[in-house]
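Colleague: Below, each chain spelled out in residue letters.
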Amino acid sequence: MSTYLLCLVLFCVGLYGLLRKRNLVKMIVGLAIMGYSLNLFFVLLGYRLHGRAPIDAPDQVIENMVDPLPQAVVLTSIVIGLGIMALLISLAIRIYEKHGTLDITKINKLKG
Amino acid sequence: MLRTNIIPLFVIIPLLSAFLISLLGKYLKRQFIYTVSNISCFLLLCFSLYGLNMLRNTGSNILVYKIGGWAPPFGICLVFDGLASFMLVVVNLIAFFVNIYSLGYIEKYTDKPKYFTLFFLMLTGMNGLIITGDLFNLYIFLEVASLASYALVAFGTDSEDLEASFKYAIMGSLASLFIFLGIAILYGFTSTLNMADMARIITEKTGSRLIPFVSVLFIVGFGTKAALMPFHAWLPDAHPAAPASISALLSGVLIKTLGIYALSRILFNVIGITSGISAILVFLGSLSMLVGVLLAFSQTDLKRLLAYSSISQVGYIILGIGLATPLGIFGGLFHLFNHSAIKSLLFLNAGAIDYAAGTRDLRQMSGLKEKMPVTANTSLVASLSVAGIPPFAGFFSKLVIILACIQKGYFGYAFIAVVSSIITLATFMKMQKFAFLGKLNEKYNNLQEVPRAMKFSMVALAVICVCGGLILLPGLNFFLSDAANVLLEGSRYAMKVFEAAK
Numbered sequence: 000m001s002t003y004l005l006c007l008v009l010f011c012v013g014l015y016g017l018l019r020k021r022n023l024v025k026m027i028v029g030l031a032i033m034g035y036s037l038n039l040f041f042v043l044l045g046y047r048l049h050g051r052a053p054i055d056a057p058d059q060v061i062e063n064m065v066d067p068l069p070q071a072v073v074l075t076s077i078v079i080g081l082g083i084m085a086l087l088i089s090l091a092i093r094i095y096e097k098h099g100t101l102d103i104t105k106i107n108k109l110k111g
Numbered sequence: 000m001l002r003t004n005i006i007p008l009f010v011i012i013p014l015l016s017a018f019l020i021s022l023l024g025k026y027l028k029r030q031f032i033y034t035v036s037n038i039s040c041f042l043l044l045c046f047s048l049y050g051l052n053m054l055r056n057t058g059s060n061i062l063v064y065k066i067g068g069w070a071p072p073f074g075i076c077l078v079f080d081g082l083a084s085f086m087l088v089v090v091n092l093i094a095f096f097v098n099i100y101s102l103g104y105i106e107k108y109t110d111k112p113k114y115f116t117l118f119f120l121m122l123t124g125m126n127g128l129i130i131t132g133d134l135f136n137l138y139i140f141l142e143v144a145s146l147a148s149y150a151l152v153a154f155g156t157d158s159e160d161l162e163a164s165f166k167y168a169i170m171g172s173l174a175s176l177f178i179f180l181g182i183a184i185l186y187g188f189t190s191t192l193n194m195a196d197m198a199r200i201i202t203e204k205t206g207s208r209l210i211p212f213v214s215v216l217f218i219v220g221f222g223t224k225a226a227l228m229p230f231h232a233w234l235p236d237a238h239p240a241a242p243a244s245i246s247a248l249l250s251g252v253l254i255k256t257l258g259i260y261a262l263s264r265i266l267f268n269v270i271g272i273t274s275g276i277s278a279i280l281v282f283l284g285s286l287s288m289l290v291g292v293l294l295a296f297s298q299t300d301l302k303r304l305l306a307y308s309s310i311s312q313v314g315y316i317i318l319g320i321g322l323a324t325p326l327g328i329f330g331g332l333f334h335l336f337n338h339s340a341i342k343s344l345l346f347l348n349a350g351a352i353d354y355a356a357g358t359r360d361l362r363q364m365s366g367l368k369e370k371m372p373v374t375a376n377t378s379l380v381a382s383l384s385v386a387g388i389p390p391f392a393g394f395f396s397k398l399v400i401i402l403a404c405i406q407k408g409y410f411g412y413a414f415i416a417v418v419s420s421i422i423t424l425a426t427f428m429k430m431q432k433f434a435f436l437g438k439l440n441e442k443y444n445n446l447q448e449v450p451r452a453m454k455f456s457m458v459a460l461a462v463i464c465v466c467g468g469l470i471l472l473p474g475l476n477f478f479l480s481d482a483a484n485v486l487l488e489g490s491r492y493a494m495k496v497f498e499a500a501k
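If you read the protein sequences in the order shown, they are chains A and B. Reading the first sequence from the start, the letters are residues 0 to 111 in numbering that gives the first Met the number 0. Reading the second sequence from the start, the letters are residues 0 to 501 in numbering that gives the first Met the number 0.
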């Protein structure tokens, strides 16, 4: 249970970074931390205490194994996260070229 | 050849064309890119119509494709049922016309191969999301479509485009994280990722307090993708910033596929809708309906006005589907179809004005009807249709939704729907007056009507706006009623998938 709570703390750290920081790069870092906290949460869902990898071999008896599916899923999710990070950072670089600043309060041509 | 073999083609064709274009587009002539994109959009449209027909001829109205031959609870399966085939027809129909429009419109931009690559990646994501029967697969396709759309919003690389895209990407990724958390919790609860198997287990394990929590996570996540009212802030920036053809695709189909379709599929078929969730959807729908159109009325930027109006129209669809009655779902899906044609057409019109006159500011346009008759007339058709004037398609779908509200006893919501419709009329009359009527501004004396490809798409979509009401006729309404039935049968979806996969 405490590990799940730590995931929640990590999620909140990321959320704080996303909401409170004015620097675009710090916002991106906040988003990344949130993503990692959820990946961690998903992997922990499949963890069993003293479990081992579910590799089946003729001479082995597996008594307690971790769930392999969340690991495969999280691997995919990390790759997707990487794609989003790359896009966001390249956007931030282009914004810096146009505005000369990364401060979100100075980039306000749109009023949403 | 097995009939189910056409199902994966909806993902394969756009993915293949995306990579063909991105790999070869630089070295070959521009004509090559155009040919590939035309052929693949045409094939997709044909297959989706053929699939609709094929589905009618199967007894159970559902087809399942097992990837790699693994049966449902273990492998990933693609589920092609009434709702999926309805959405595929909507997406591929709009994509077909937007593609033709792009051939003329894209002359403004420099890097054509990248545009078409991203266009097809977005289409891959949407088609894949519609046909998949696996919850995590749905998330992946959602991300593919979202990533392509973030990049397309920034395609012009002006400072506004970049800012809008950054905002959209941050909010969109946050929404995706909520969806991912929802999927993680559902996996922890049911130990499966297959949607049919999940639905079966959830109906067996009743009474858990996790399910309402997950429903709310999905409403926040998919609601952001669909731009429901409290989560809408990205849309009025992102849709105007994109190239007009892409705005048409974003407003016309992307928010509906990623938001409304995915939300209703999960809420109705997997989790099972409760009266509380239904009440939340109806409330959020009415809120976006009213506030969206009020905000639209005060805009002077044409595309921004259309973007706010999209929020309002999405509200109608969510209101209809959220009622969870047969008539409400029918009306919601009918409005989804009509609005995808109407709003695509309006964005294409805005793009045509931008292309010819070089402005999006309503105050600078005047009397464009004289110089651009095709654009003006198609835009009038779409405006009247979205405002719900009788012979046009938009009238019938709004009428069905309002009748469904009254049938369920929600007189207040029905009243809000009527009021929003009246304000929509005022908004679009204002738009018509500023843009097309009145005296021609002198600087536009040498204005030319847009190229033929763009005209063709606008006229074709206008025909759909006029004739959309014909879907209600007895011979044709299977198109909608089959889709509505899928949502109505709820978690019996699971049983049907397992039977079809045997």
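No wet-lab data here; the hints were simulated from the structure. Heads up, a few of these hints could be off.
What the hints assert, rightly or not - Taking lysine-lysine pairs in the DSSO-like style, the calculated list, with each CA pair at most 27 Å apart, reads:
1. B:Lys107 with B:Lys368
2. B:Lys111 with A:Lys97
3. A:Lys97 with B:Lys113
4. B:Lys454 with B:Lys370
5. B:Lys454 with B:Lys432
6. B:Lys370 with B:Lys113
7. B:Lys370 with A:Lys97
8. B:Lys107 with B:Lys370
9. B:Lys65 with B:Lys113
Colleague: Going through the numbered hints above, which ones does this structure break? Give me the numbers in ascending order.
Modeller: The structure breaks hints 6, 7 and 9; every other hint is satisfied.
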